[in-house]
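Okay, here's what each chain looks like letter by letter:
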Amino acid sequence: QVQLVESGGGVVQPGRSLRLSCAASGFTFSGYALHWVRQAPGKGLEWVAVISYDGTKKYYADSVKGRFTISRDNAQNTLFLQMNSLRAEDTAVYYCARGDFNTPMAAHCGYWGQGTLVTVSS
Amino acid sequence: QSVLTQPPSASGAPGQRVTISCSGSSSNIGSHYVYWYQQLPGTAPKLLIYKSDQRPSGVPDRFSGSKSGTSASLAISGLRSEDESDYSCAAWDDSLSGVVFGEGTKLTVL
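Protein sequence lines correspond, in order, to chains A and B.
In this text, residue positions in the first sequence follow the numbering used here: the first is -16, and each later residue adds one.
In this text, residue positions in the second sequence follow the numbering used here: the first is 1142, and each later residue adds one.
Don't read these hints as lab results, they were simulated from the structure.
Every residue, glycine too, gets a C-beta built ideally from N, C-alpha and C.
Please note: incorrect hints may appear among the correct ones.
[Claimed, not checked] Cβ-to-Cβ under 8 angstroms is the rule here; a few derived chain B residues that face chain A:
(1) Tyr1176
(2) Ala1185
(3) Phe1204
One chain only, chain A, in its complex shape:
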């Protein structure tokens, strides 16, 4: 069965960096786009970034562009999110989700991980 397990969350000071990971299993990892989606406490879902199946195409939300970098290692079946210059408003549960097998340009998140909490606070 499809499994996505996020890790790397925690408490970090404003301006510092954090790297999230998402270990995948149960499907052909290299065949699918992958998303990061976050949810601030008590708020709705906010899309963060998507990467194509081969890592050549990446798209970001304006709120994280220039600060966050999405990447993947298809040999290790792992998705990453490098988060730099963190701000208080980045505090959220971060989910990884399996995207579409055809294109990264779709809001298709077929499977989700359980999420990892990132808290940005001094």
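Using the hints, position chain B against chain A.
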């Protein structure tokens, strides 16, 4: 303010039918498929409807999606207590070159 507009709340009695709307524009819903997600309290979201009107395996046929122009709707018939949840719509947006979500609708089963 989300790009996709949903009502913040909806409600219905058990057995009734409720509809949740999602309004967008030509750059998102008007040009791309709509996806609906269900999020039970304290859990990760779950895909409910894909490609505007398709149900993944395991999703009851009480749930249905539709799209017309720049708007979409999620309908839930035969309402049950376990349907009490948050529902969010999403679509790709060409102007933003990214995915946009609605702010979510909290469904209460009376």
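Status of each hint after checking the structure:
1. Tyr1176: For Tyr1176(B), the interface hint holds, since the closest Cβ of chain A sits about 5 angstroms away, which is under 8 angstroms.
2. Ala1185: At 4 angstroms from the nearest chain A Cβ, Ala1185(B) passes the 8 angstroms test, so the hint holds.
3. Phe1204: 16 angstroms, violated
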